[in-house]
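Protein chains: 2
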Amino acid sequence: MFVLMVYDVNVKRVNKVLKIGRKYLQHIQNSFLEGELSPAQFKSLRQEIKKTIKPEEDCVRFYLLRTTKYLTIDQLGTPQKSAARPDTSVDFL
Amino acid sequence: MFVLMVYDVNVKRVNKVLKIGRKYLQHIQNSFLEGELSPAQFKSLRQEIKKTIKPEEDCVRFYLLRTTKYLTIDQLGTPQKSAARPDTSVDFL
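So the sequence lines, in the order shown, correspond to chains V and L. Residues 1 to 93 (this note's numbering) are what the first sequence spells out, left to right. Residues 1 to 93 (this note's numbering) are what the second sequence spells out, left to right.
Treat the hints with caution; some may be incorrect.
[Claimed, not checked] Which bits of chain V does chain L cover? Going by a derived footprint, with three or more residues having C-beta under 8 Å, they are:
1) 6 to 12
2) 16 to 24
3) 29 to 39
4) 67 to 79
Keep in mind the hints are simulated off the structure, nothing from the lab. Glycine included, each C-beta is placed from N, C-alpha and C at the ideal position.
Put together the whole structure using the sequences plus the hints.
Following this line, the structure appears as structure tokens:
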């Protein structure tokens, strides 16, 4: 499945959360990652994140898409530094 | 359609981009918004953003979902300040 991950965590845990995310997903922009994962991989990513964050102070949201058939990605401008997506528009159709 | 918007723009334009985004979508986390839009509304949002950003310095990505049938949102922790989503897990099924 296609997974988007977006986080808003205390600065103390930003690096840890990003490091975990990067083990599974591609870093697209600040606080935002995406990638194709198996259900088992997602479970493991979720568990690692859950152990790392403080639920009162942090928030991590996952968008799980069981298919990318109905998804279009439309990009304006250029990814900066860490982001590695040269394409301007990707249609999964 | 369901639209996710994630931006990484020069600090000079952050407020402008967020302000435009908020006219159409709900602000979920830093640099991240989502909401249900008609194709016409999306076109208008995209146009406003395009006019505002500098493509060499900024990047705005839209994820367009023609259906939310295959989407699950899974949230860990608590949204901070501006984010207004009390729910911990939403399944569109």
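- [ ] Find the hints from earlier in the document that the structure breaks and name them by number, from lowest to highest.
- [x] When the structure is compared with the hints, only number 2 turns out to be violated.
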